[in-house]
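Visitor: As a plain string of letters, each chain reads:
There are 2 protein chains.
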Amino acid sequence: MVKLEQTEESLNSTFQALADPTRRKILMQLVSGEATVLQLAEPFQMSLPGISKHIKVLEKAGLIERGKSAQYRPCRIKAEALEEANLWLQQYKKLWEERFDRLDQYLMDLQQTKGKD
Amino acid sequence: MVKLEQTEESLNSTFQALADPTRRKILMQLVSGEATVLQLAEPFQMSLPGISKHIKVLEKAGLIERGKSAQYRPCRIKAEALEEANLWLQQYKKLWEERFDRLDQYLMDLQQTKGKD
Chain A
57 MVKLEQTEES
67 LNSTFQALAD
77 PTRRKILMQL
87 VSGEATVLQL
97 AEPFQMSLPG
107 ISKHIKVLEK
117 AGLIERGKSA
127 QYRPCRIKAE
137 ALEEANLWLQ
147 QYKKLWEERF
157 DRLDQYLMDL
167 QQTKGKD
Chain B
57 MVKLEQTEES
67 LNSTFQALAD
77 PTRRKILMQL
87 VSGEATVLQL
97 AEPFQMSLPG
107 ISKHIKVLEK
117 AGLIERGKSA
127 QYRPCRIKAE
137 ALEEANLWLQ
147 QYKKLWEERF
157 DRLDQYLMDL
167 QQTKGKD
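Protein chains in written order, with our numbering: chain A, 57 to 173; chain B, 57 to 173.
If you're looking for bench data, these hints aren't it; they were derived computationally from the structure.
Treat the hints loosely; a few may be bogus.
Any copy, or any two copies together, can satisfy a pair, since identical chains are not distinguished.
[What the hints assert, rightly or not] Straight-line alpha carbon distances no greater than 30 Å define the calculated DSS-like cross-link-like pairs of lysine-lysine that follow:
1) 172 with 81
2) 150 with 124
3) 81 with 112
4) 134 with 150
Please read all numbers here as calculations on a predicted model, not as lab measurements.
Between the sequences and the hints, there should be enough to build the whole structure, so can you do that?
Guide: Structure below.
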């Protein structure tokens with residue numbers, strides 16, 4: 057149960073973190089390798105404190121982590137949290153597709169029954 | 057460009073809508089078929105106005121739509137918005153996996169080069 061609650065909370069903060077275009081772009085940027093806050097700020101017309109705020113949200117959600125090097129503390133991706141969000145969406149998609157498969161089957165059965173008439 | 061901006065906004069509101077456990081449960085419930093607000097409220101210890109608020113967020117994000125029947129206005133799933141969120145995560149996952157494939161290849165090349173020494 058604790059695990060389930062943890063997952064729920066983790067999904068909350070993951071989806072919350074993804075609900076912002078700057079944060080999504082930062083994640084996409086980090087996919088190609090770790091980067092400092094200064095490097096991450098470059099493509100955005102945003103102040104360093106502005107970018108830092110977004111990075112803190114991503115870090116709190118467990119989507120990224122920061123290195124211990126005191127001067128730069130480069131950011132890097134932690135894949136697990138996003139994998140949970142992915143699993144939730146896949147589970148939802150699977151149920152949704154199963155529903156349509158059932159509907160297809162029902163329509164086929166209906167057609168076959170009609171053909172026998 | 058307009059399309060891209062629309063997608064960005066749509067992703068914002070989709071992820072925002074998914075960042076709440078009640079809203080995720082409502083969506084999972086609607087996967088098995090349409091339901092009225094009263095039916096959706098049943099499993100939750102929440103007031104009808106409370107549930108209605110969540111339903112409005114889902115509706116605004118385009119994740120569900122409501123029927124026109126004046127009395128009940130049943131809720132049903134609209135799959136497109138969630139498909140966009142799914143695509144974003146798949147794209148991210150693909151880039152992430154490609155990065156590890158490149159790393160694997162690099163390590164294999166390194167091993168082969170060492171073998172030749």
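Visitor: Does each hint hold? Answer for all of them.
Guide: The hints, checked one at a time:
For the homomeric pair residue 172 and residue 81, neither the shortest alpha-carbon distance inside one copy (57 Å) nor that between copies (42 Å) is at most 30 Å. Taking identical chains as interchangeable, the C-alpha atoms of residue 150 and residue 124 lie at most 30 Å apart only when they sit on different chains, with a minimum of 28 Å there against 40 Å within one chain. Taking identical chains as interchangeable, the C-alpha atoms of residue 81 and residue 112 lie at most 30 Å apart whether they share a chain (15 Å) or sit on different chains (28 Å). Proximity of residue 134 and residue 150 under a CA criterion of 30 Å is satisfied in both settings, with 26 Å inside one chain copy and 15 Å between copies.
Going down the numbered hints, you'll see the structure goes against just number 1.
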